[in-house]
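Given the sequences, and given the hints that come with them, work out the whole structure.
Here my numbering is used: the first residue of the sequence shown is 33, the next is one more, and so on.
Everything labelled a hint here was simulated from the structure, so no lab data went into it.
One or more hints might be untrue.
DEER-style ranges, computed between Cβ atoms [what the hints assert, rightly or not]:
1. 274 x 248: 19 to 29 Å
2. 312 x 236: 18 to 28 Å
3. 226 x 89: 41 to 51 Å
4. 125 x 340: 16 to 26 Å
5. 248 x 346: 45 to 55 Å
6. 76 x 133: 23 to 33 Å
7. 274 x 298: 46 to 56 Å
8. 52 x 177: 19 to 29 Å
9. 52 x 226: 50 to 60 Å
10. 96 x 250: 46 to 56 Å
11. 125 x 305: 36 to 46 Å
These figures come from a predicted structure and were not determined experimentally.
Backbone N, C-alpha and C fix where the C-beta goes; we use that ideal spot for every residue, glycine too.
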Amino acid sequence: MILSIESSCDDSSIAITEINSNKLLFHKKISQELEHSKYGGVVPELASRLHLEALPKILDDTKEFFPKLKAIAVTNAPGLSVTLNEGVMMAKALSVSLNLPLIGVNHLIGHIYSTFIEKESIDDIMILLVSGGHTKILDMKGGYKNITELATTIDDSFGESFDKVAKMLDLGYPGGPIIEKLALNGDENKINFPIPLRQSPEIKFSYSGLKNAVRLAIMENKYSKEDIAASFQKAAITHLTMKLKKLFKTNIPENFAIVGGASANLKLRDELTTMAKKYNFNLIYPELKYCSDNAAMIGRIAVEMYKNKEFSDLDMKVKARVEF
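Here it is, written out as structure tokens:
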């Protein structure tokens with residue numbers, strides 16, 4: 033068994049994963065969304081203090097598994113340095129006290145493996161990673177050791193744009209589910225928001241311009257929040273699908289996954305389901321409960337790393353950013 037810890041942002045989570053079967057034996061997460069909502073986004077120092085309170089409480093529920101543990105895994109990159117440190121310090125303490133190897137996990141690869149929780153992994157797969165911090169197209173060939181970044185955002189991420197639009201509309205945090213729910217009662221064709229980089233042949237993403245267009249629409253004070261939400265969501269998703277279509281002209285994958293917190297957006301899932309039928313690829317996505325940050329996905333990739341004996345030293349550092 034592997035005990036895994038996730039604290040890269042505002043979710044405190046610990047999981048226990050069985051090595052031989054990939055079975056998830058324990059998983060608990062304490063979200064900080066309510067505490068951060070009043071600020072319209074995550075406050076790093078507050079998040080760190082809340083992790084300090086929450087992680088020990090969750091750990092108490094896992095003590096029955098301690099005698100059978102084979103390793104301790106923890107997210108050490110990327111993320112907020114102050115929150116990553118809370119999980120890493122706990123992992124190092126457990127590694128020393130239980131005399132178990134330490135496994136440092138790349139959070140983004142963890143999101144890829146969120147699609148394989150309690151399942152066998154697929155080694156060759158293209159991935160759309162959409163979250164509050166990232167918008168990337170990744171290509172994994174032969175497993176997690178060989179991942180290539182095909183595209184990324186040049187400014188805001190997909191999920192971040194939803195958070196910022198929600199903040200402009202005084203709707204609270206996190207913005208993704210709020211905007212998605214509000215959009216259900218709006219007219220997505222009411223406002224013709226610009227599709228970012230529409231004429232550019234380059235495969236990359238940008239959301240700052242769209243965000244500014246929403247700001248200007250709000251200032252006109254003639255559209256309902258529902259119509260703004262629906263029209264924005266349509267433009268934001270269209271931007272993703274248009275760039276994917278450009279990519280698929282020369283590179284159609286056999287397997288394609290959508291992961292990350294924003295992969296819970298059902299309209300985005302519907303659009304990709306339509307694309308999967310058109311381009312004949314196998315579409316994979318995690319269960320909704322595993323889209324946002326969680327320790328179950330960290331435990332799942334840690335199983336593969338354990339089998340490959342990829343252990344970290346006790347002087348392992350946290351990293352706010354990583355590159356593929």
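Now the hints, each set against the structure:
no., hint, verdict
1, 274 x 248: 19 to 29 Å, "holds (22 Å)"
2, 312 x 236: 18 to 28 Å, "holds (25 Å)"
3, 226 x 89: 41 to 51 Å, "holds (47 Å)"
4, 125 x 340: 16 to 26 Å, "holds (25 Å)"
5, 248 x 346: 45 to 55 Å, "holds (52 Å)"
6, 76 x 133: 23 to 33 Å, "holds (29 Å)"
7, 274 x 298: 46 to 56 Å, "violated (20 Å)"
8, 52 x 177: 19 to 29 Å, "holds (21 Å)"
9, 52 x 226: 50 to 60 Å, "holds (52 Å)"
10, 96 x 250: 46 to 56 Å, "holds (52 Å)"
11, 125 x 305: 36 to 46 Å, "holds (44 Å)"
In summary, the one numbered hint that this structure violates is 7.
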